[in-house]
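Asker: Given the structure of chain A, go ahead and fit chain B onto it with the hints provided.
2 protein chains.
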Amino acid sequence: MKKMEVMTLAMKPNILILGGGYGGIVTATKLTKELGVNEVNITLVSKHEYHYQTTWLHEPAAGTLDVDRARMPINSLIDENKVKFIQGEAEQVHPEEKKVSLANGEQLEYDYLVVSVGAIPETFGVGGVFEHSFNKWTVNGARELKEHTEYMFAKYNNDPRDEYVTFIVAGAGFTGIEYIGELSERVPELCKKYDVPLNKVKMYVIEAAPSALPGFDPELVEYAMNLLENRGVEFKINTPISEVTAEGVVLKGGEEIKSETVIWATGVRGNPIIEKSGFENMRARVKVDKDLRAPGHEDVFIIGDCALIINEEINRPYPPTAQIAIQQGETVAKNLAALIKGGQLQEFKPDIKGTVASLGGKEAIGVVGDKKLFGSSASFMKKMIDNRSLWILGGTGLVLKKGKNPF
Amino acid sequence: MKKMEVMTLAMKPNILILGGGYGGIVTATKLTKELGVNEVNITLVSKHEYHYQTTWLHEPAAGTLDVDRARMPINSLIDENKVKFIQGEAEQVHPEEKKVSLANGEQLEYDYLVVSVGAIPETFGVGGVFEHSFNKWTVNGARELKEHTEYMFAKYNNDPRDEYVTFIVAGAGFTGIEYIGELSERVPELCKKYDVPLNKVKMYVIEAAPSALPGFDPELVEYAMNLLENRGVEFKINTPISEVTAEGVVLKGGEEIKSETVIWATGVRGNPIIEKSGFENMRARVKVDKDLRAPGHEDVFIIGDCALIINEEINRPYPPTAQIAIQQGETVAKNLAALIKGGQLQEFKPDIKGTVASLGGKEAIGVVGDKKLFGSSASFMKKMIDNRSLWILGGTGLVLKKGKNPF
Chain A
19 MKKMEVMTLA MKPNILILGG GYGGIVTATK LTKELGVNEV NITLVSKHEY
69 HYQTTWLHEP AAGTLDVDRA RMPINSLIDE NKVKFIQGEA EQVHPEEKKV
119 SLANGEQLEY DYLVVSVGAI PETFGVGGVF EHSFNKWTVN GARELKEHTE
169 YMFAKYNNDP RDEYVTFIVA GAGFTGIEYI GELSERVPEL CKKYDVPLNK
219 VKMYVIEAAP SALPGFDPEL VEYAMNLLEN RGVEFKINTP ISEVTAEGVV
269 LKGGEEIKSE TVIWATGVRG NPIIEKSGFE NMRARVKVDK DLRAPGHEDV
319 FIIGDCALII NEEINRPYPP TAQIAIQQGE TVAKNLAALI KGGQLQEFKP
369 DIKGTVASLG GKEAIGVVGD KKLFGSSASF MKKMIDNRSL WILGGTGLVL
419 KKGKNPF
Chain B
19 MKKMEVMTLA MKPNILILGG GYGGIVTATK LTKELGVNEV NITLVSKHEY
69 HYQTTWLHEP AAGTLDVDRA RMPINSLIDE NKVKFIQGEA EQVHPEEKKV
119 SLANGEQLEY DYLVVSVGAI PETFGVGGVF EHSFNKWTVN GARELKEHTE
169 YMFAKYNNDP RDEYVTFIVA GAGFTGIEYI GELSERVPEL CKKYDVPLNK
219 VKMYVIEAAP SALPGFDPEL VEYAMNLLEN RGVEFKINTP ISEVTAEGVV
269 LKGGEEIKSE TVIWATGVRG NPIIEKSGFE NMRARVKVDK DLRAPGHEDV
319 FIIGDCALII NEEINRPYPP TAQIAIQQGE TVAKNLAALI KGGQLQEFKP
369 DIKGTVASLG GKEAIGVVGD KKLFGSSASF MKKMIDNRSL WILGGTGLVL
419 KKGKNPF
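Residue numbers (the working numbering), protein chains in the order written: chain A, 19 to 425; chain B, 19 to 425.
The shape of chain A in the complex, shown without the other chains (with noise of 0.2 Å):
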């Protein structure tokens, strides 16, 4: 007996599934109610004890929301009974040897493998951007940025040098327009707290492409850019930046805006574990098959923002979202259990409900359907999604604990 048990263990395959994001977090989940403790060992690896909600962080980056309500311990989040959770950060996966080793010198060995390990910021070959902005969008990230621009107001008063309160975001994408909803929301507070005049900070967001928001519907794009202006954020469009410098940003052509807050959301690239490993990429990202597996390797899953999946009506890229790398992840603990017991595989088709961008306060913008959405209903719309992706992650009880009140 004891015997059997051993070697129905022995069998039992083993899913490793890197990354605590919203990918690695509802594969992990979904997977055990697909498949039971006696048919499968699921192992997951996040280099935190805690999951983050990636798409609220411009909230506490800004100092609008307390940062712990963006992240909760993944044991609040996986059944440890049936799934493993390992403290640690993946560096390279050995597709050969069915390996993936570890920061710490440890490896672990898989029979099937999630690689959910989430993007690094895109610099476009700009110097200076890792060494003189904030750029990362993690919880650490986010504490770093809220308290160094409580600083910078701190500092003002004693020394008022304007680089102090100049506030620089580079890239009007939709990471880089949420958070100067927030930040230009809550100066007028931190002007109060500080004793500084408010016609002394300064707000800027640098955009290279010829409009901000790209993609997005023009007549939201002039209703976000006008409340934003109206709030003081001044826009330069059309702008490239040639370099961050410690003392702020050169633009193309030379002018230079002197600042000790340089914020870069130009967007982002896959994580360079994927280029490390081999597998065949663009910018550390992998063309999935339509199952969301490696193209020639049959055990291996690729989702979230190192997966590239192709919106096939306008053959571009979808952009990397949380809502697809839920969809994904649901999808590949679907695959894995008909690997396992037999079975289908799925294709996956993201199924997008809408996008909504919070310009702080109670103001945003989206697209639902094909309703646009401004103002109040939008906010309304951009809460209610953030409780969904709560619900998914950890249902009713996390939404309560975590959840934001949209009324």
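Hints listed in this document are in silico derivations from the structure and should not be mistaken for laboratory results.
Please note: incorrect hints may appear among the correct ones.
Remember, identical chains collapse to one label, so a pair may be satisfied in a single copy or spanning two.
Said to hold, decoys possible - Each computed DSS-like pair below joins lysine-lysine, with the alpha-carbon atoms no more than 27 Å apart:
| # | residue 1 | residue 2 |
| --- | --- | --- |
| 1 | Lys220 | Lys65 |
| 2 | Lys422 | Lys294 |
| 3 | Lys422 | Lys211 |
| 4 | Lys422 | Lys154 |
| 5 | Lys211 | Lys419 |
| 6 | Lys220 | Lys276 |
| 7 | Lys100 | Lys117 |
| 8 | Lys211 | Lys116 |
| 9 | Lys102 | Lys210 |
| 10 | Lys390 | Lys367 |
| 11 | Lys65 | Lys420 |
| 12 | Lys210 | Lys419 |
| 13 | Lys154 | Lys294 |
| 14 | Lys211 | Lys65 |
| 15 | Lys352 | Lys371 |
| 16 | Lys65 | Lys218 |
| 17 | Lys210 | Lys65 |
On a predicted model such as this, the values are computed, not experimentally measured, just so you know.
Answerer: Leaving out everything else, chain B in the frame of chain A:
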């Protein structure tokens, strides 16, 4: 009738008070009780539109008290029908011309002058203090130190350098000990907030003299040091600092301690205005006559940090304290009334009611009368002393608004 009024106005002496600290505010408020608006014109000049409790600032500097609890608008303390308030920075006294020039170029005339312009840090010739340390015990200075400290904790997990969580207090006098008391009390909370392991945080108090709290009862000093050491503070006594650098401090002998946060608390010297104005002085402090006038200047009173008075029992100067500045303000108000209405000028004799140093939380040490106090009874007394200074400044209303609950 109208002409008479103009004449009366012209003949009323102008009393000019420089400084909105303890001495200046008490002088102004007590004066209005000694002399009526038809007898005198009173003008108060202060850099800020608020008064602050300098002796409380170690708390907001460490983040254990909201800085707004330690300040109050000057117009809430003085009766603006009786005292004219000018927000400005006194730059030089011209005693021969009976004028004071302000930083904005304006000049104010006086018949009687009260100089209560506070202190600046004493560096004892150590280089780098003003460039690389936190040394301003002001509202703005406390705010900057507090936000800097939080910023250092927020940076640590992005780049775990020891110097971010190493805190060096130069000086184990009253200010240094009270500050490290608050910081050491708060560190566990900061560690929790920013996910920093407690054992990574280092706190040093470095003192050139052969003991901490020189002049204090040795039993109380030992109590304080034991308590602080138990909270993780390391004392380096008998250890002069030879330089403060951008990287930390260099000790005499060459040892270097790296830190992004050096707090300079080795004591103060008088305000440079004293030297600039040609008063005979020692380190910008004037050895005032017994009635608190500057020697050779019948119309100039100097009080607070810029006044040097000798404790004849030990033949050494009294340390400049809030307690003494407040008592001097009361004496100066009476002496001005005597000068204007006729009468005998009083000699100033400090009435030292007690000295209590807070150590954070419910801990303190002190001497009241000839009784030594430890722990919560000393802490109770400290809060009562803080409330008493509020009561002198603004009566019961101010105690209720800003006071500290000792229970």
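Asker: Indicate which option fits the pair Lys220, Lys276 if close means a Cα-Cα distance not exceeding 27 Å: within, between, both or neither.
Answerer: Result: close within a single copy only, 10 Å intra versus 34 Å inter.
Asker: Using 27 Å as the alpha carbon limit, work out where Lys352 and Lys371 are close: within a copy, between copies, both or neither.
Answerer: within (21 Å within a copy, 78 Å between copies)
Asker: Can you give me the call for Lys211 and Lys116, within, between, both or neither, at a CA distance of at most 27 Å?
Answerer: For Lys211 and Lys116, neither the intra-copy (55 Å) nor the inter-copy (39 Å) Cα distance is at most 27 Å.
Asker: If the cutoff is 27 Å on CA atoms, where do Lys210 and Lys419 land: within, between, both or neither? Let me know, please.
Answerer: Between. Shortest inter-copy distance 20 Å satisfies the 27 Å Cα cut-off; intra-copy 31 Å does not.
Asker: Is the C-alpha distance from Lys422 to Lys294 at most 27 Å within one copy, between copies, in both cases, or in neither?
Answerer: neither (39 Å within a copy, 60 Å between copies)
Asker: When no copy is specified for Lys390 and Lys367, does a C-alpha distance of 27 Å or less occur within a copy, between copies, both, or neither?
Answerer: within (23 Å within a copy, 77 Å between copies)
Asker: Given a CA cutoff of 27 Å, do Lys154 and Lys294 count as a within-copy pair, a between-copy pair, both, or neither?
Answerer: Classified as within; 21 Å inside a copy, 50 Å across copies.
Asker: Could you place Lys100 and Lys117 in one of the four classes (within, between, both, neither) given a Cα distance threshold of 27 Å?
Answerer: Answer is within; shortest intra-copy Cα gap is 21 Å, inter-copy 83 Å.
Asker: First find the shortest C-alpha distance between Lys65 and Lys420 inside one copy, then the shortest across copies, and answer within, between, both or neither for a cut-off of 27 Å.
Answerer: The answer is within: 22 Å in one copy meets 27 Å, while 45 Å across copies does not.
Asker: With identical chains treated as interchangeable, where does the CA-CA distance between Lys102 and Lys210 reach 27 Å or less: within a copy, between copies, both, or neither?
Answerer: between (48 Å within a copy, 26 Å between copies)
Asker: At most 27 Å between alpha carbons: which applies to Lys65 and Lys218, within, between, both or neither?
Answerer: between (40 Å within a copy, 20 Å between copies)
Asker: At 27 Å max between alpha carbons, let me know whether Lys422 reaches Lys211 within a copy, between copies, both or neither.
Answerer: Classified as both; 25 Å inside a copy, 22 Å across copies.
Checked against the numbered hints above, the structure violates hints 2, 8; every other hint is satisfied.
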